[in-house]
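Trainee: For this one, chain A is given, so just place chain B on it according to the hints.
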Amino acid sequence: MMDSITQKAGIIAAAAFGVVLVSSAGYSSVSAQGLPEGFKKGDLSPEPSAEMIEAGKRVYFTKCVWCHGVDGAGDGPGADRLWPRPRNFNQGTFKIRHTASGELPLFDAKKPIAGQNDLFETVTHGLPGSAMPPWEGILSEEQRLQVLSFVTTQLVKDRKFTDKQSETQTILQLADLKPKPATDESKKRGGELIVEKKCVECHGMEGRGDGNAFNLKDDWGFSIQPANWHKCWNFRGSRQDPYNVANIFRTFSTGVNGTPMPSFADNTTVDERWDIANFVSSLCERDTLGNPLPIDPLTDKPKINFVIPSDLVEGEIPADIEHEAWQKAPKRIVAMGGQITHKPRNFVNRIDDIWVRSLYNDKYIVYLLEWDDRTKSVAEGKLPWAPTQVNIDVKEQDPKTGEEGSIAAKQNNYTVYNDAIAIETAVKWKELPAPIKPRYLFGTNDQFPVDIVKWEADGSLRAFKGTGWDKDFEERDNYEEAMKLVKSEWKNGRWYVMIQRPVGNKKDQDYDEDTFFEVGQYIPTVFFAWDGHNGDAGRKMAVSAFYYTFMNPPVPQETYIYPVVIAVGVVLLEGWVLTRRANRKKGKTL
Amino acid sequence: MKALMSLGALIGVAGLLLLGGMVLDVVPSTYIRLVEGYMPIQMLLEVACYVIGFTGLSYTLNAMGMAIPRFWQGIGFWVFFLLYLKYRMYPPIPFSVRAMYGTVSLVAVFMWVSASEEDWQKFKQPIMNVLDAQTGGNRLLRYLYLVLLPILIGGFSFNAMMPKSEEPIELRTVHPAPPASTKVHGKTYTLQTSQNPYRVNPEGKFDQEFTNANIVEQGMGRLMKPNANPWDDKNQGYLKYVREGGEIFFQNCHFCHGDNLNGRGLHAFAFNPIPANFTDPGTIAQLQETFIFWRVSKGGIGLPNEGFPWASVMPPWEQHLTVDEIWKVVLFEYWHTGYYPRTWD
Numbered sequence: 002m003m004d005s006i007t008q009k010a011g012i013i014a015a016a017a018f019g020v021v022l023v024s025s026a027g028y029s030s031v032s033a034q035g036l037p038e039g040f041k042k043g044d045l046s047p048e049p050s051a052e053m054i055e056a057g058k059r060v061y062f063t064k065c066v067w068c069h070g071v072d073g074a075g076d077g078p079g080a081d082r083l084w085p086r087p088r089n090f091n092q093g094t095f096k097i098r099h100t101a102s103g104e105l106p107l108f109d110a111k112k113p114i115a116g117q118n119d120l121f122e123t124v125t126h127g128l129p130g131s132a133m134p135p136w137e138g139i140l141s142e143e144q145r146l147q148v149l150s151f152v153t154t155q156l157v158k159d160r161k162f163t164d165k166q167s168e169t170q171t172i173l174q175l176a177d178l179k180p181k182p183a184t185d186e187s188k189k190r191g192g193e194l195i196v197e198k199k200c201v202e203c204h205g206m207e208g209r210g211d212g213n214a215f216n217l218k219d220d221w222g223f224s225i226q227p228a229n230w231h232k233c234w235n236f237r238g239s240r241q242d243p244y245n246v247a248n249i250f251r252t253f254s255t256g257v258n259g260t261p262m263p264s265f266a267d268n269t270t271v272d273e274r275w276d277i278a279n280f281v282s283s284l285c286e287r288d289t290l291g292n293p294l295p296i297d298p299l300t301d302k303p304k305i306n307f308v309i310p311s312d313l314v315e316g317e318i319p320a321d322i323e324h325e326a327w328q329k330a331p332k333r334i335v336a337m338g339g340q341i342t343h344k345p346r347n348f349v350n351r352i353d354d355i356w357v358r359s360l361y362n363d364k365y366i367v368y369l370l371e372w373d374d375r376t377k378s379v380a381e382g383k384l385p386w387a388p389t390q391v392n393i394d395v396k397e398q399d400p401k402t403g404e405e406g407s408i409a410a411k412q413n414n415y416t417v418y419n420d421a422i423a424i425e426t427a428v429k430w431k432e433l434p435a436p437i438k439p440r441y442l443f444g445t446n447d448q449f450p451v452d453i454v455k456w457e458a459d460g461s462l463r464a465f466k467g468t469g470w471d472k473d474f475e476e477r478d479n480y481e482e483a484m485k486l487v488k489s490e491w492k493n494g495r496w497y498v499m500i501q502r503p504v505g506n507k508k509d510q511d512y513d514e515d516t517f518f519e520v521g522q523y524i525p526t527v528f529f530a531w532d533g534h535n536g537d538a539g540r541k542m543a544v545s546a547f548y549y550t551f552m553n554p555p556v557p558q559e560t561y562i563y564p565v566v567i568a569v570g571v572v573l574l575e576g577w578v579l580t581r582r583a584n585r586k587k588g589k590t591l
Numbered sequence: 376m377k378a379l380m381s382l383g384a385l386i387g388v389a390g391l392l393l394l395g396g397m398v399l400d401v402v403p404s405t406y407i408r409l410v411e412g413y414m415p416i417q418m419l420l421e422v423a424c425y426v427i428g429f430t431g432l433s434y435t436l437n438a439m440g441m442a443i444p445r446f447w448q449g450i451g452f453w454v455f456f457l458l459y460l461k462y463r464m465y466p467p468i469p470f471s472v473r474a475m476y477g478t479v480s481l482v483a484v485f486m487w488v489s490a491s492e493e494d495w496q497k498f499k500q501p502i503m504n505v506l507d508a509q510t511g512g513n514r515l516l517r518y519l520y521l522v523l524l525p526i527l528i529g530g531f532s533f534n535a536m537m538p539k540s541e542e543p544i545e546l547r548t549v550h551p552a553p554p555a556s557t558k559v560h561g562k563t564y565t566l567q568t569s570q571n572p573y574r575v576n577p578e579g580k581f582d583q584e585f586t587n588a589n590i591v592e593q594g595m596g597r598l599m600k601p602n603a604n605p606w607d608d609k610n611q612g613y614l615k616y617v618r619e620g621g622e623i624f625f626q627n628c629h630f631c632h633g634d635n636l637n638g639r640g641l642h643a644f645a646f647n648p649i650p651a652n653f654t655d656p657g658t659i660a661q662l663q664e665t666f667i668f669w670r671v672s673k674g675g676i677g678l679p680n681e682g683f684p685w686a687s688v689m690p691p692w693e694q695h696l697t698v699d700e701i702w703k704v705v706l707f708e709y710w711h712t713g714y715y716p717r718t719w720d
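The listed protein sequences derive, respectively, from chains A and B.
Just so it is clear: in the first sequence, position 205 is 206 by our numbering, and no numbers are missing.
Just so it is clear: in the second sequence, position 192 is 567 by our numbering, and no numbers are missing.
Extracted from the complex, chain A is given alone in its bound form (with noise of 0.2 Å):
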């Protein structure tokens, strides 16, 4: 609250003094003393005291060191299996800044104020998409200062941030510059410099992070990927505020230091920044009526609804997602996790979430999932197992730290097998007593087993019986006969895959293998993903929790008569009340 509020102080003082730098500064984005728009030289700021260095190591050998390890260089015993790998100190080179590319981040032990200390805000809102956790309410603002006092004096070691020689700190004055207001003409702008400005290169045409997305590497020879516009809660600039244009533009004026990602701030005014940052903040998911999705404050991301609401369509079930009926159809986030319960684990999962639609008439149910996988994959030959296969030995990393191979150094270098989906749907889910279910992975046993939908890349959609973990599935009779894909499309970054399947009953179907959709009932429902790039194969692949496919039932007639009866009830009971008090009143008992 503070912060938004020196923040917007900072914008009225300042809001007149803008306009006067970008009218001077006119069409040429650098200013007279040679810096680029918006910026400022600064001043160094001085040495940590030793007491902060000390108390700084205590801090760091507590939490710090198990991924960023003892000399800081990003080699902890976590490190291996993260991707994005930890921060190596050592080469003082950071991400998230509001200097000038190439410069030093801000750091002032003694001023944790927003927008003048870098590092303090990373520490404190951590870094969403890395496994780097905000600290705030963890560590006290004091224990976050010593440990930051420790890491850029100790632990910084090829540079030096109070060596006036070689450092120089030009700093964006985000503060005294004030927003564009993100209107159609500014966001339209925004779009067309996106392209002009190359972004799209490595960001894709659609902002999916899938252009250049298989040769970039950062400063150490990990390979990295450009971030994906549609997810702003992964930013890691987004300091715990996702929607905040502010953000953008200053990862946008700054760049990323030690990637790819340069800094814009000498080829675009700020003006034409605004406009950017507006365009790439309206990419980002937003509910129906354009409102920023609500993020949970213990996750930072969008909040989740565990129910997947399907509507009645009378008639055939559209294919096309630009039909009124699926446009209308409520939209649902489910999260994705990597696989880690059972071997070959996935810590590296690329799939985080899909976005789930259904719709059903009186005879299929249609789900549309979408997400995004910066690469279509698509296996090339014959895959060495069958489709039914479950223990499918795709190697797990090792993780040794420093070892050639980790899933970091090795990220690109899978074999490529086929991009796929899957709903697993609970057969005789009526016979459990509520909650229990069979199990969330691939069944619990013959007597409780799932009904897995499954669609690859090549093109292929199987229906199968799981009865376990570590039970290869068994083919369905003729299920896949009623199946039918509707579509399958990867465009821009993006899977559109539309499946539709019976909703089920006895006389065609067998329910010992399928599923019954019934209307108006929780039908438990998992979903798995596997990105083909990434080597994800058998049981290494994404998994969600469990959701609910819930069929809309039609309104029934009873909801219309019952209130009224209720109402007129009531009118009767306010009649009986009144008369009885002025009956007592009047000395008469009933």
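Treat the hints as calculated values from the structure; they're not laboratory data.
Just so it is clear, CB atoms sit at the ideal spot from N, CA and C, and this is done for glycine as well.
A hint or two may mislead.
Where chain B lies over chain A, by a calculated footprint (3+ residues, C-beta under 8 Å) [what the hints assert, rightly or not]:
(1) 104 to 111
(2) 255 to 267
(3) 270 to 282
(4) 330 to 338
(5) 341 to 354
(6) 451 to 463
(7) 511 to 517
Mentor: Below, chain B without anything else, positioned relative to chain A:
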């Protein structure tokens, strides 16, 4: 007395303002976190503070000649409690649970206002006034109620009858009863008698006291004791094993249980039930080390039905780790949270 009551009034007003801020979404409901995993201990304390505050407020207003009638006090407190449940509680509790608490608090309010005959008369006087409709204002109110009540109740029942798709409520037992013994990697461990083989002093002898003295300090940050750094190469015994356990934890467990063992890891957002928060005083602090050993070894799939084995993604760690590694991780979890494991005596 007076000063005390004024202080109470101040607390009451400040508390109300804070709640108002939360209702209007100016202050996030996670703003004040005094206790880690702040339900329910902090909540109970807070409500107690509010009650003290309101007592002071009522007394002070009374002294200033602006007493609030008993009728409005009763209603006001009930409304306050409903708002508190809805806007202060985090993570939010489902409506049906709120409805239960709301009903109980309504009964409590009734008991309070009808504690003596005199109080009860005072409480019901405004209701009787409206029923009798002696004044113009009351008559107007009476007619308003006559018309509005049927409409409102009819409307509510219509709303209640409309088909809805709310998440079904499923109550899960977080710490189910453990078995008497558990078999891991071919060896049977009796939970009552087993000990963590790595809870040892530098001489290699089991030493609860020594290890308890070397865990992190309670308090903000939970930092290690200045002279007990597990990363010191000279360590023998307990702290050496803590470090080894930490290495295993940060290669396997932090993905869900989080870098600070608070259940907020990288993948945690996707899973339900959510990963356990070890810093919460209600989890490992309440349990024996052998219970943790059993839970870690057998994982979600090894839970009894009340623990939702079908939904838990907790791996049966015997599939991934050796017995020694499991004991070391357990050791690390107690070290890092600063809790002592419960003992059988």
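Trainee: All hints, please: hold or fail.
Mentor: Evaluated hints:
no.: 1; hint: 104 to 111; in the structure: violated (count 0)
no.: 2; hint: 255 to 267; in the structure: violated (count 0)
no.: 3; hint: 270 to 282; in the structure: violated (count 0)
no.: 4; hint: 330 to 338; in the structure: holds (count 3)
no.: 5; hint: 341 to 354; in the structure: holds (count 8)
no.: 6; hint: 451 to 463; in the structure: violated (count 0)
no.: 7; hint: 511 to 517; in the structure: violated (count 0)
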